[in-house]
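*Asks:* Here are the chains, one letter per residue:
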Amino acid sequence: MINIRTKIEKRDKQRKPLPDWMQKPTFVVGLVIVIMFVFIAFFPGALTNQDPLEINVSEALQKPNSSHFFGTDEYGRDIYTRILYGARIDLEMGVFGVLIPLIVGGILGLIAGYYGGFFDTIIMRIIDVLMAFPFTILVIVIMSILGAGIKNVFIALWIVGWMSYTRLVRGEVMKAKNTEYIQAAKVEGFTDKRILLRHLLPNVISSAVVFAASDIVLCMLTGASMSFLGLGVQLPAPEWGAILNEGRSYISYAWWITLFPGLFLAFNGVGFSLLGDSLTDLLRRKGR
Amino acid sequence: MNRLNYIIKRILQIIPVLFVVSILIFFLLRFIGGDPARLILGDKATKSAIKALQIKLGLDQPLITQYWIFLKGIFKLDLGNSLSLQVSVAYLLKQRMPLTIKLTLFSALLAIIFSLPLGYLAGKHKDHVWDHTIRTLTLVFISMPSFWVGLLLMILFGVKLGWLPAGGWDETNFLTQLRSLLLPAITESLALTALLMRDMRNSVADISQMDYVYFAKSKGIKQSAVRKHHIFRNALISYVTLVSINIAYMLGGSVIIETVFALPGIGKLMIDSIFNRDYQVVQSLVLLFAGLVMLVNLITDILYSFLDPRVSY
Amino acid sequence: MEERKEILEVKNLKVYFPLKHEVVKAVDGVSFTIYEGDSFGLVGESGCGKSQTLFSILKLLKSPGKIVGGQILYKGKDLAPLNEKEMEKVRGKEIAQIFQEPMTALNPVLTIKKQIFEAFVHTKMTKEEKDKQAIELLRLVGIPNPEKRLKEYPHQFSGGMRQRAMIAIALGENPNLLLADEPTTALDVTIQEQILALIEDLKEKLGMSMILVTHDLGVIAEMCNRVAVMYAGKIMEITDTVTLFSKPRHPYTRALMSSLPNGSKNKLETIKGTPPNLAKEIIGCPFAPRCKYAIDKCRKECPEMIEIEKNHFTRCNRLDVISKFEGLISVEEEGKNGK
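Protein chains in written order, with this note's numbering: chain A, 1 to 288; chain B, 1 to 313; chain C, 1 to 339.
Derived from the structure by calculation, the hints contain no laboratory data. Careful: at least some of the hints might be erroneous.
[Stated by the list, open to error] Now the in silico label distances, taken between C-beta atoms and shown as ranges:
no.: 1; chain 1: C; residue 1: D296; chain 2: A; residue 2: D281; range: 42 to 50 Å
no.: 2; chain 1: C; residue 1: M103; chain 2: A; residue 2: D281; range: 24 to 32 Å
no.: 3; chain 1: B; residue 1: S224; chain 2: C; residue 2: L82; range: 15 to 23 Å
no.: 4; chain 1: C; residue 1: R139; chain 2: B; residue 2: S224; range: 29 to 37 Å
no.: 5; chain 1: C; residue 1: T274; chain 2: A; residue 2: D192; range: 42 to 50 Å
no.: 6; chain 1: A; residue 1: Y250; chain 2: B; residue 2: G168; range: 16 to 24 Å
no.: 7; chain 1: C; residue 1: T274; chain 2: A; residue 2: V28; range: 33 to 41 Å
no.: 8; chain 1: C; residue 1: T274; chain 2: A; residue 2: D281; range: 27 to 35 Å
no.: 9; chain 1: B; residue 1: W130; chain 2: C; residue 2: L319; range: 47 to 55 Å
no.: 10; chain 1: A; residue 1: V104; chain 2: B; residue 2: Y91; range: 37 to 45 Å
no.: 11; chain 1: A; residue 1: E188; chain 2: C; residue 2: Q156; range: 37 to 45 Å
no.: 12; chain 1: A; residue 1: P202; chain 2: C; residue 2: R139; range: 49 to 57 Å
no.: 13; chain 1: A; residue 1: D281; chain 2: C; residue 2: K310; range: 52 to 60 Å
A virtual CB, placed ideally from N, CA and C, is assigned to each residue, including glycine.
Let the hints inform the model, and build the full structure from the sequences given.
*Replies:* So, in structure tokens, the structure goes:
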């Protein structure tokens, strides 16, 4: 006798062919925004034919109009074009600012969590000391030591960023270390390296990746903040934070220099955040 | 008595960390920062002028001795003088710290006032309209750059509408101080409000479904009592922890906010000193920030031990 | 036989859980009556709706559960349409509830004293009176050193003690009816016995009636004078305990009984298949897919409850075929069956 329930379940499955992730509107919206961002970053020329660095004083400080969608700055440069060309810089700050900490921090966390002992203690002590500072202050201090410029922004982000990943991965590894399937792998005689790479890594990495998605926003905003303060990307590079800094001098009458770069920062930030949030939900549902 | 021991233990733990921090920052700034004397006098200075200044500032002595002087100075609260501003560093810090503290606390207060009720509402009506609205707001708030929001608020309320000062610090009385800090505090509180709302929402949603809430209801106590003693009381645990972690973060954010709104606090002092290559100030500030953060962490731990009886010392 | 006074009458209770894509009919037309002094057992597999039936009496259903139909008459008054404020008057004072898992049923951040004091909400008492009463309650449930225990937190108690504390709290204002949801399932076997004995004792002492939800027929045999067997949100058979164990008529009840270990060397009989999905429409008798007596009629028509003898009700289309006597005990003998 066929179980009525399985028959009905089969029928329902046929009615719903969309995979999990496509059903979630937040994920789709986030993905679309990020894709748009990446496109603009790599192909700014496709959306504008002006030069982001071209100075044209006669057109200085124009309000947004048909030939300059977002207006111009004090040197007559088209804000719209500058924003488009700046996208790549901010995207890079976000993504590469996270990538190295994710990898390095993750590896450190794996080793510290798995082997424990002296190495673990040292790492955690270092983290304790470094975490005694507010994140921004630490970045600023490093920037002050190294000097301005985008290269140093990356270095600062890397020095400060790895800690969160190490703590995260270490915590997950320590939890997973005592689960039965890891014990079983040990008993079966797998080498430590193999256990780490094949068994532990795939399971602990998901939470790190989800954290990374939101961290991209943080890195991007921090990089933009540094540029805003004058420590990071230097003008005339059209980084969005730097443009905002430029706009400060004209804040009372050229509001467009302030509005649009920040709008783009916020918008893309929301895109990555949506992605990160919906990834968290999806992972939680998969019964991680 | 256990708790007192725990507190003392924690205070003692802070000292070595601060010690390490002071070493790090002192030597880093010296090694990489370059010679302060030359930096002050500029490239055109003569060798003898530089030498004279070096002796005056004690820079000719071995680094270890300089560090020792620095360390001694901390205990006597003599941190040297600001090279650019010609006043004692200790004076500078004392003068500017209150503003930053006020700003941070004000921001935290705003964040708590808004996130508590909104987060509760979102959690109580999980998956319904309120919840989705608040979750969307949360996302947007976290993703916005604080300096941009600050600038926009300044344009709108300061320049265009003129309701509030567009930056600057008016120390005259409580009211003027409040007006000076309002826009900056709102700006700074946005991200924290978002995070706190989300946390309260999750806590309330989870806790409302816990057996002990239903058992409490089954005794026939009022809904307000259930809310206060069972739901909120338990939600506070993670909420309070989050507040204090973020106060530390907000101290860092003060750098940006104070720059945007031209507030003379220690955040702006940090930036100015860095640009002026005023290392005496920078190294003291770094220590101060580290100390503040550790203080906040200590207070959190103590609060936590009161809130959650399951914690063992 | 004298007429016993009714204390609770549940009439055609329906509890549904509206989820995102479907509605789960957890309780689908349940009716029974509790008389004063009863220990009434609700027994069935996981998911049969017994716990939800219990929770709905005090309107303590977990979200998104709702009572969508029927009546719950306590001393003649219908509780189903009451709002929270009105229910507050009933809860604790008239009807109290204890939960399955004592660790999660007690607030981890409040002292036991505070949690007991909460139970006194309907009675005006001075602090000294509350203190005294709290100590008495803890003593009543067999917790040693109650003065010291009052100031402690739940995590400092052992599992059995927590359960005792929960019982003490529930009985704080001497309710007339106690609702017990699987009170021993989460406990060690040795503790189970103690707690059951305690509940029995308290029930006598305080003159309460009780509804006991469990999946364990042994607990029913030990504690209850009347039983209802539930399956797929409906009651299949309802009668007094002795009759249930000696003359079960419903195929499901019989299958349950024969799946109990009885000390013989035969293989344990199991009931093939699984309970139906309560989110889908169930046509016919819900037990039909797994029933060895089922015929076509059973798959088309859900049978109504009928009284097959005095105070013995069941719903089955095949009663004429199912023999009258096939229980675990013979009618003359009374006592525990093998647990």
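*Asks:* If a hint holds in the structure, say so; if it doesn't, say that too.
*Replies:* Against the structure, the hints come out as follows:
1. C:D296 with A:D281: 42 to 50 Å: Given range 42 to 50 Å: holds, Cβ gap about 47 Å.
2. C:M103 with A:D281: 24 to 32 Å: 28 Å, holds
3. B:S224 with C:L82: 15 to 23 Å: Taking Cβ atoms as reference, B:S224 and C:L82 lie about 18 Å apart, which means the hint holds.
4. C:R139 with B:S224: 29 to 37 Å: The hint (29 to 37 Å, Cβ to Cβ) holds, given that C:R139 and B:S224 are roughly 32 Å apart.
5. C:T274 with A:D192: 42 to 50 Å: Check passed, 43 Å falls within 42 to 50 Å.
6. A:Y250 with B:G168: 16 to 24 Å: 18 Å, holds
7. C:T274 with A:V28: 33 to 41 Å: 36 Å, holds
8. C:T274 with A:D281: 27 to 35 Å: 30 Å, holds
9. B:W130 with C:L319: 47 to 55 Å: 53 Å, holds
10. A:V104 with B:Y91: 37 to 45 Å: 42 Å, holds
11. A:E188 with C:Q156: 37 to 45 Å: At 41 Å between Cβs, range holds.
12. A:P202 with C:R139: 49 to 57 Å: 56 Å, holds
13. A:D281 with C:K310: 52 to 60 Å: At 57 Å between Cβs, range holds.
Violated hints are absent here; each numbered hint is respected by the structure.
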